[in-house]
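Peer 1: Next come the chains, spelled out residue by residue.
Number of protein chains: 2
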Amino acid sequence: MFGGIEAGGTEFVCAVGTNPQNIVVSDPMSTTTPAETFQKVIAFFRQHPPVKKIGIGSFGPVDIHRDSPTFGYITTTPKPGWANTDFAGVISRELGVAVEFDTDVNTAALGEHKWGAAVGLDDFLYLTIGTGVGGGVMVNGRLVHGLIHPELGHILLPRDPLKDPFEGNCPFHKDCLEGLTTGPALQKRWKVSPKTLPIDHPAWELEAEYIAIALVSFACTLSPKRIILGGGVMRQIQLFPMIRRRFQELLNGYLQHPAILRDVDHYIVPPALGDHAGVLGAIALAQQ
Amino acid sequence: MFGGIEAGGTEFVCAVGTNPQNIVVSDPMSTTTPAETFQKVIAFFRQHPPVKKIGIGSFGPVDIHRDSPTFGYITTTPKPGWANTDFAGVISRELGVAVEFDTDVNTAALGEHKWGAAVGLDDFLYLTIGTGVGGGVMVNGRLVHGLIHPELGHILLPRDPLKDPFEGNCPFHKDCLEGLTTGPALQKRWKVSPKTLPIDHPAWELEAEYIAIALVSFACTLSPKRIILGGGVMRQIQLFPMIRRRFQELLNGYLQHPAILRDVDHYIVPPALGDHAGVLGAIALAQQ
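Top to bottom, those sequences are chains A and B. Each residue of the first sequence is one higher than the last, beginning at 1 in this note's numbering. Each residue of the second sequence is one higher than the last, beginning at 1 in this note's numbering.
There may be inaccurate statements among the hints.
Stated by the list, open to error - A few chain B residues that face chain A, going by a derived Cβ cut-off under 8 Å, partial list only:
| id | residue |
| --- | --- |
| 1 | HIS149 |
| 2 | PRO158 |
| 3 | ARG159 |
| 4 | LEU162 |
| 5 | PRO165 |
| 6 | SER193 |
| 7 | LEU197 |
| 8 | ILE213 |
| 9 | LEU222 |
| 10 | PRO224 |
| 11 | ARG244 |
| 12 | LEU255 |
No wet-lab data here; the hints were simulated from the structure. Each residue gets a CB set at the ideal place from its N, CA and C atoms; glycine is no exception.
Using the sequences and the hints given, assemble the complete structure.
Peer 2: Written out as structure tokens, the structure is:
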């Protein structure tokens, strides 16, 4: 048995199991203070059979470098009380079990690689567009960490102020991918909840445009074999065909591969794992 | 002894050796027809001691996937006579020796990893800006191939038509990175040879701006530990401090790492290998 912790800024979910068909999942636990939240996590694992290892996919920024003195910490988060918090170390010591630690999005990518939309693909990316934009990346069968970890939400995009006067709401970069495409950005641009926008509203065409531009960048930089798009905004499934079409149009035949030229419906896809994607990814991380 | 072939669209260079201090390099051979060019390559290797393996870094696009029926081919190049040309297979059969095959830029990156500006760094990128823009990428100690191979020159950049009315000259995308920053793009925008532009000409500030925007994208996507900038345009060394400053300003403190915040002079650097970089990279490829 393995353990998994999906650690979000709003709530934590824990699980014990081995795969999507064999898993016990906790109720969501509100993310309050670190001490209180960790106590709920520890209590969950103490109530269940012992696990061989626990995987943690955490909100960030996090230190995921094994050789660093702050490995397993949540680092510079603006979330009150959580900056510079040892996470992996506390869980490991309290439960006496080895821990793997990565970003929430890398962990979700790993779950999709093991049981979801990227089975058998050693080069792909998983992009999530919701209240923020994040992404997990696999290259040559291994998750990308590098200097820190990928921050796919912060690439800078072309924006035509005549077509889109909204300047973007990223506090660091204004009109980066995250500043233009999240739920809160949509809310601010259109002055209504994005959920109330009809599916033929021009908001979605503009949204698909920005996402397609970003995917062109990612495709040219990473040469992925598939791109998985998840998160709350991507529940607007009308976006998928619009993004695929604009992605092809923008690339304009430059990347000559049948996966892009002919089979784009299987190149840009939604995630295959459902509600338990995050915690399943954490279990996959523990099993690595 | 190992062999190396740097295969450019204008000229080929071959070498036999083991490292930068122990290498015999051919005169440049004009890239004429495939048959004629390959004959010159084969003659060079027949005149030298036998090699254990030959590495080829080739202009492209190329098929670098070992399991593909066209592995080792130059594929859809517009260069007359070279489309769909078996390269690795011909060299291997004629010389009776095993061959490694990759893009010219991946190969150059490998040389920098082994003997140059990226020794000991398993996550970095090598970007070349000259008559075109290309890039080699290493992640977790391995070159990135993915679906095809990275095409770093074709990410789409923000361009303000009021500051830069030049629309870009990429035949596929107009104002992608390649369309805005190459030598030919500079020539077309400023109507003079870029070599004649004084170092305080506004051309260089604009050039640094676009390159810095692209590096923000690459840094957010790949999380590299170093970025090496080479190619003819980057011989304008006044660009380096301008690019570093704009890179930091554009990131605006978002990527919180001392390598970027404090030590950017060692984060964005020129290549360390000199004239024989390409062919040394090819030898490094053979030695992998």
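Peer 1: Work down the list of hints and note, for each, if the structure agrees.
Peer 2: Consistency of the hints with the structure:
no., hint, in the structure
1, HIS149, "6 Å, holds"
2, PRO158, "4 Å, holds"
3, ARG159, "7 Å, holds"
4, LEU162, "10 Å, violated"
5, PRO165, "15 Å, violated"
6, SER193, "28 Å, violated"
7, LEU197, "25 Å, violated"
8, ILE213, "5 Å, holds"
9, LEU222, "6 Å, holds"
10, PRO224, "6 Å, holds"
11, ARG244, "16 Å, violated"
12, LEU255, "6 Å, holds"
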